[in-house]
Amino acid sequence: MKIYPYKRLNRPVTLRVTSVSLKLSDGTRDQLETTAYSTQQQAVALGIAGHSDWVSATIGLSATLPPGADAPDAAWSDLRVLAVLTDGETNVRTSTDLTRETADGRDWSGSLEVLRDNHLGRASLAVHAVGTVDGVRGRSIAETDRNWIIDTVSEDPVRGLQLDVQKASFSRSAREWLHAYADVPWIVDTSARVPTVFVNTDVEGVLGLLDSSGSGLDSKVRDLLVAQMATDVWTAVFHGAIGDLEVEPGGGPVFPTDWQGDVLREMLPDVIPGVHVEEALRQVHRRRTGDSGWVELQTRIHYAAARRADATKALAYAIRSLEQMNRESEK
Amino acid sequence: METGEEFGPWLARQLKLAGKTQAELAKEVEVTRAAVSAWITGRSTPRPTVMANIARALGTDLGTVHTRTTDTQAGLPVTWYHRPGYPDGGRDLGNAAAFAFDADVQVLARETCQNSLDERLTENGRPVRVRYTLHELTGQDLDAFREAILWNDLFPHYSAVSEIAGNQKVGRVVDAGVRDMYEKGRLVLLRVDDYNASGLIGDDYADGKFAAVVRRQLESLKSGHGAGGSYGLGKATLWATSALGLVLINSTLSEPHEGRTERRVIGRLELPWREVDGEPYAGPAWFGRPDPDSPGASVARSWWADEETVARLHLTRESDEPGTSFLIVGAHDVASLEDKSSDADDETVDEEGGEDTRDIRKMHRRLVEALGRDFWAAMTGGGSRLPLLEVSVRTLRNGDVVVPEEQVDPSAEQPSRTRALRAHYEGTTVDRLTEAGQVAARSVPLKLPLSGGARGTLGIHQAVLLVTEADNDKDTPKNQVHSLRGNRMTVKRAGVANLPLGINPFQAVLLVGEAAGESAPFAEEVEEFLRAAEPPEHDRWGQTEELTLRWSPSAYRRINMLTTEVNNAVRELVARPKRGSREGGEALRKALTVKTRPKAKAPSGPVVPVLDGLDATIGDSGEWQITAEVSIPRGDEVVPMVPVAQLDVRSGGRPKLDWAELAAVEGCEVEDGTLRFAPGTRRAKFRGSTDVTSHPVRTTLTRLVLELRAGKGE
Numbered sequence: 001m002k003i004y005p006y007k008r009l010n011r012p013v014t015l016r017v018t019s020v021s022l023k024l025s026d027g028t029r030d031q032l033e034t035t036a037y038s039t040q041q042q043a044v045a046l047g048i049a050g051h052s053d054w055v056s057a058t059i060g061l062s063a064t065l066p067p068g069a070d071a072p073d074a075a076w077s078d079l080r081v082l083a084v085l086t087d088g089e090t091n092v093r094t095s096t097d098l099t100r101e102t103a104d105g106r107d108w109s110g111s112l113e114v115l116r117d118n119h120l121g122r123a124s125l126a127v128h129a130v131g132t133v134d135g136v137r138g139r140s141i142a143e144t145d146r147n148w149i150i151d152t153v154s155e156d157p158v159r160g161l162q163l164d165v166q167k168a169s170f171s172r173s174a175r176e177w178l179h180a181y182a183d184v185p186w187i188v189d190t191s192a193r194v195p196t197v198f199v200n201t202d203v204e205g206v207l208g209l210l211d212s213s214g215s216g217l218d219s220k221v222r223d224l225l226v227a228q229m230a231t232d233v234w235t236a237v238f239h240g241a242i243g244d245l246e247v248e249p250g251g252g253p254v255f256p257t258d259w260q261g262d263v264l265r266e267m268l269p270d271v272i273p274g275v276h277v278e279e280a281l282r283q284v285h286r287r288r289t290g291d292s293g294w295v296e297l298q299t300r301i302h303y304a305a306a307r308r309a310d311a312t313k314a315l316a317y318a319i320r321s322l323e324q325m326n327r328e329s330e331k
Numbered sequence: 001m002e003t004g005e006e007f008g009p010w011l012a013r014q015l016k017l018a019g020k021t022q023a024e025l026a027k028e029v030e031v032t033r034a035a036v037s038a039w040i041t042g043r044s045t046p047r048p049t050v051m052a053n054i055a056r057a058l059g060t061d062l063g064t065v066h067t068r069t070t071d072t073q074a075g076l077p078v079t080w081y082h083r084p085g086y087p088d089g090g091r092d093l094g095n096a097a098a099f100a101f102d103a104d105v106q107v108l109a110r111e112t113c114q115n116s117l118d119e120r121l122t123e124n125g126r127p128v129r130v131r132y133t134l135h136e137l138t139g140q141d142l143d144a145f146r147e148a149i150l151w152n153d154l155f156p157h158y159s160a161v162s163e164i165a166g167n168q169k170v171g172r173v174v175d176a177g178v179r180d181m182y183e184k185g186r187l188v189l190l191r192v193d194d195y196n197a198s199g200l201i202g203d204d205y206a207d208g209k210f211a212a213v214v215r216r217q218l219e220s221l222k223s224g225h226g227a228g229g230s231y232g233l234g235k236a237t238l239w240a241t242s243a244l245g246l247v248l249i250n251s252t253l254s255e256p257h258e259g260r261t262e263r264r265v266i267g268r269l270e271l272p273w274r275e276v277d278g279e280p281y282a283g284p285a286w287f288g289r290p291d292p293d294s295p296g297a298s299v300a301r302s303w304w305a306d307e308e309t310v311a312r313l314h315l316t317r318e319s320d321e322p323g324t325s326f327l328i329v330g331a332h333d334v335a336s337l338e339d340k341s342s343d344a345d346d347e348t349v350d351e352e353g354g355e356d357t358r359d360i361r362k363m364h365r366r367l368v369e370a371l372g373r374d375f376w377a378a379m380t381g382g383g384s385r386l387p388l389l390e391v392s393v394r395t396l397r398n399g400d401v402v403v404p405e406e407q408v409d410p411s412a413e414q415p416s417r418t419r420a421l422r423a424h425y426e427g428t429t430v431d432r433l434t435e436a437g438q439v440a441a442r443s444v445p446l447k448l449p450l451s452g453g454a455r456g457t458l459g460i461h462q463a464v465l466l467v468t469e470a471d472n473d474k475d476t477p478k479n480q481v482h483s484l485r486g487n488r489m490t491v492k493r494a495g496v497a498n499l500p501l502g503i504n505p506f507q508a509v510l511l512v513g514e515a516a517g518e519s520a521p522f523a524e525e526v527e528e529f530l531r532a533a534e535p536p537e538h539d540r541w542g543q544t545e546e547l548t549l550r551w552s553p554s555a556y557r558r559i560n561m562l563t564t565e566v567n568n569a570v571r572e573l574v575a576r577p578k579r580g581s582r583e584g585g586e587a588l589r590k591a592l593t594v595k596t597r598p599k600a601k602a603p604s605g606p607v608v609p610v611l612d613g614l615d616a617t618i619g620d621s622g623e624w625q626i627t628a629e630v631s632i633p634r635g636d637e638v639v640p641m642v643p644v645a646q647l648d649v650r651s652g653g654r655p656k657l658d659w660a661e662l663a664a665v666e667g668c669e670v671e672d673g674t675l676r677f678a679p680g681t682r683r684a685k686f687r688g689s690t691d692v693t694s695h696p697v698r699t700t701l702t703r704l705v706l707e708l709r710a711g712k713g714e
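So the protein sequences, as listed, match chains A and B. Number 226 in our numbering belongs to position 226 of the first sequence; there are no gaps in the numbering. Number 242 in our numbering belongs to position 242 of the second sequence; there are no gaps in the numbering.
If you're looking for bench data, these hints aren't it; they were derived computationally from the structure. No experiment lies behind these values; they were computed from the predicted model shown. Quick reminder that beta carbons are idealized off the backbone N, C-alpha and C, glycines included. There's no promise every hint is true.
Simulated pairs of lysine to any residue, SDA-like, Cα-Cα distance not exceeding 20 angstroms [said to hold, decoys possible]:
no. : chain 1 : residue 1 : chain 2 : residue 2
1   : A       : Lys7      : A       : Val153
2   : A       : Lys2      : B       : Asp658
3   : B       : Lys595    : A       : Val153
4   : B       : Lys478    : A       : Ala280
5   : B       : Lys478    : B       : Leu450
6   : B       : Lys595    : A       : Lys7
7   : A       : Lys2      : B       : Thr627
8   : A       : Lys7      : B       : Gln625
9   : B       : Lys595    : A       : Thr39
10  : B       : Lys447    : B       : Lys595
Label pairs and their calculated CB-CB ranges [said to hold, decoys possible]:
no. : chain 1 : residue 1 : chain 2 : residue 2 : range
11  : A       : Gln31     : B       : Asn568    : 36 to 42 angstroms
12  : B       : Leu611    : A       : Asp78     : 29 to 35 angstroms
13  : B       : Gly427    : A       : Asn10     : 51 to 57 angstroms
14  : B       : Arg682    : A       : Pro273    : 18 to 24 angstroms
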């Protein structure tokens with residue numbers, strides 16, 4: 001629980017994205033459709049238009065302060081509203097001033113310039129209302145409770161992080177390190193910007209099966225395959241994420257801010273149930289670096305991965321489908 | 001001086017009302033019969049001295065004879081006429097038309113407002129103004145009103161109805177209405193006024209709007225093909241809304257009748273069959289002046305009332321603009337019984353509890369909502385178009401304002417749709433949505449079938465579809481298409497099928513027929529077609545008997561086709577384009593998205609307390625002083641917890657503060673920096689202060705984070 005040494009507004013600021021446009025390398029602008037962002041998911045996908053050569057994006061913003069920000073007896077003065085874009089991977093922080101739409105309104109608007117070179121993928125956008133409190137400038141009075149995600153790569157404005165899937169012929173790929181794995185159908189690389197699954201096209205038919213969209217036994221087998229792959233992937237990314245944690249001065253682990261944080265926040269409740277994620281991370285870290293408990297934890301990690309992969313459902317459908325087929329052939 | 005009607009017709013009517021012949025009058029005022037005849041036909045007017053004699057003969061004052069704005073009180077007084085029982089002994093235990101809808105102020109709002117829209121005077125281009133007044137009467141005001149409507153004459157009829165109330169619906173409603181009036185000593189009047197409308201024109205009995213509303217059932221005399229109504233059911237809601245079945249009417253006419261326009265007054269009562277003093281009565285009754293032309297001079301007809309009478313009947317109109325005022329006596333709101341949602345306003349909850357169907361504040365709010373929902377489009381103007389309709393609602397108690405007059409504002413009730421329509425009128429729509437607040441327009445074809453059962457298409461009408469982002473949470477439900485035609489009342493409200501998940505919420509408007517623009521091809525034919533496809537509730541377009549008879553049994557499929565086209569267009573505007581095949585397939589992509597799933601079940605075992613409340617201040621020497629509350633789940637064994645104070649940072653590890661003091665307040669014990677809880681405790685409280693020497697920066701510039709950790713708390 002956080003607490004500030006001065007009075008603040010209790011309710012959060014609400015933030016909306018109102019428009020998105022890209023500036024291309026030839027100096028022209030492309031005004032994206034409103035489908036480039038999702039107000040429900042609170043996410044913006046700058047990759048949606050398929051431009052490979054954009055330089056910067058301008059995101060129109062509108063924020064509404066909670067009531068009371070302009071109260072005459074407020075403990076603060078010099079109210080300002082700032083939009084802050086934070087990238088946990090590149091450690092870039094960009095802020096821009098919003099201006100009040102009407103003289104006495106609670107709506108503030110402005111636009112944020114996102115430089116493509118400053119970001120690798122997902123950045124997080126928040127709005128802070130700040131003011132001067134007891135002579136100290138720039139103290140936060142209210143902020144958004146749920147940040148928007150600005151994804152410079154994704155084609156889909158979804159909040160959840162999507163892991164990358166790539167196909168390659170492992171034996172002939174330009175990525176030479178893949179050659180060593182030529183005899184397996186897929187491999188997970190957790191050292192990339194986002195974890196990437198490579199699917200081996202040398203294994204005949206695997207891509208076709210993954211791409212199939214039928215509803216018969218094919219799809220059941222496909223789902224079974226997907227569940228198998230997903231279990232592998234989730235296990236790998238969890239280990240990847242827990243592998244190199246930053247450590248606090250006191251010895252406790254720090255929650256990562258990039259994809260590893262997303263993965264851990266999602267999986268830890270299944271690995272160490274019933275405690276806060278921070279506490280769960282400390283326990284996992286203790287077991288991994290300490291003397292005992294790491295081996296016992298593997299079962300929990302496998303359980304968390306299998307749950308995420310929906311393995312039970314995929315298996316049940318496949319079995320039912322098989323039984324049905326058997327019955328039909330008996331007739 | 002107010003100008004009354006011509007002397008001749010006025011005198012003729014007074015004679016008729018008084019039951020006098022021209023010869024009798026001639027004798028009384030000592031002139032020849034020919035002279036009286038000349039006055040009546042307008043060939044001459046009497047000399048001033050004769051005027052005084054005429055006034056005396058008619059039993060009135062000289063002023064009335066001179067101004068002729070009202071009828072004399074001579075002759076038969078205003079009274080109630082109850083239709084006698086049918087000679088064949090048939091009994092109507094209620095009016096079937098009144099059962100077509102629930103007696104609900106929302107339905108009433110829709111039906112009355114639609115009628116006013118249909119009767120709008122179009123020549124001057126001004127909107128029709130409709131005002132709803134909720135007026136609660138108690139005490140003296142109630143007594144005065146009851147006297148004005150001759151309650152004592154009516155009461156035997158109500159008691160007769162109450163006696164048979166047990167076994168039929170209308171009787172029970174009326175019985176409840178009368179009891180409410182006596183037990184709670186109050187009466188709710190709901191008045192619906194329209195201005196700049198045609199008024200109840202036409203003769204008392206012959207075809208015309210007056211007779212259609214006052215005398216007849218299920219007759220619809222609409223002024224144009226763009227009209228909303230078609231069944232003649234709407235007026236029945238007026239009577240259905242009255243728990244007493246009583247509606248009084250005052251109309252200012254747009255075309256003079258009997259040489260007059262103002263204060264044409266009549267009342268109509270709808271009761272079931274009853275027997276009073278051994279006389280059977282068929283049901284309806286009228287409040288008016290007995291018509292000397294009718295058999296036995298008993299049938300009540302409308303009369304031209306004076307201002308005082310109108311005021312006593314709470315029927316005073318605010319100006320001489322044509323239009324009609326309906327006064328619904330004993331208005332009640334049946335449907336609100338089911339409406340359990342109560343808004344968390346600071347309104348005081350009335351002592352009768354939430355089941356009072358006659359709470360005027362609640363009725364006020366529901367009226368505003370219903371009007372905004374159904375008529376936002378008619379109230380919206382823009383560009384060169386003026387709105388068709390202006391509506392306001394006010395609430396009074398004994399003449400004192402309870403809720404001040406409130407004009408229904410479409411941009412407050414339906415912000416996104418109003419914006420869409422305004423953009424359409426102003427021509428600021430766009431093809432694709434690129435910015436929040438924009439309105440995208442598309443034209444959607446409606447293939448109009450040939451009438452008379454013939455196969456084939458008469459022509460293609462281009463309807464206008466408007467799509468815009470839904471503004472805020474008030475605009476619910478989201479992702480809906482409102483469809484409207486010429487009268488601009490929302491007819492159909494429907495969601496769009498097969499929308500992809502995660503689209504931005506939107507609102508859409510479909511303008512068909514004359515709403516799509518006067519120049520749209522086949523607008524008139526479409527109006528007629530869709531009007532035939534509307535059921536009495538005016539809430540959808542589909543298969544109706546009329547559609548089958550006039551077009552063909554499959555004609556409604558054309559409407560379904562329109563809906564499909566609309567849904568496709570909406571989807572195309574709001575959904576993200578499907579990307580080309582992506583590597584790995586959709587199923588794998590989905591499985592590899594980090595998204596929140598339901599949490600795994602916590603294992604049984606010792607329960608973990610959680611921090612529930614925190615109060616912290618900075619002490620005199622710069623230390624954080626905290627008081628924290630802990631809630632403990634039900635369990636046999638409770639894990640001991642270590643409170644940890646840290647300073648919040650933007651990134652990296654949080655500096656940890658040492659405790660200078662940590663003490664239990666209640667429900668727990670502190671032992672070596674660890675909180676221990678007794679089994680069975682559900683809440684605990686502790687306090688503490690930090691050690692200033694462990695603070696890395698000035699305390700006033702820090703943010704404190706307090707956590708409870710299990711185990712050793714490192």
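Taking the hints in turn, this is what the structure says about them:
| no. | hint | in the structure |
| --- | --- | --- |
| 1 | Lys7/A / Val153/A | 40 angstroms, violated |
| 2 | Lys2/A / Asp658/B | 17 angstroms, holds |
| 3 | Lys595/B / Val153/A | 18 angstroms, holds |
| 4 | Lys478/B / Ala280/A | 39 angstroms, violated |
| 5 | Lys478/B / Leu450/B | 36 angstroms, violated |
| 6 | Lys595/B / Lys7/A | 35 angstroms, violated |
| 7 | Lys2/A / Thr627/B | 13 angstroms, holds |
| 8 | Lys7/A / Gln625/B | 16 angstroms, holds |
| 9 | Lys595/B / Thr39/A | 17 angstroms, holds |
| 10 | Lys447/B / Lys595/B | 46 angstroms, violated |
| 11 | Gln31/A / Asn568/B: 36 to 42 angstroms | 24 angstroms, violated |
| 12 | Leu611/B / Asp78/A: 29 to 35 angstroms | 33 angstroms, holds |
| 13 | Gly427/B / Asn10/A: 51 to 57 angstroms | 44 angstroms, violated |
| 14 | Arg682/B / Pro273/A: 18 to 24 angstroms | 22 angstroms, holds |
Of the numbered hints stated above, those contradicted by the structure are hints 1, 4, 5, 6, 10, 11 and 13, listed in ascending order.
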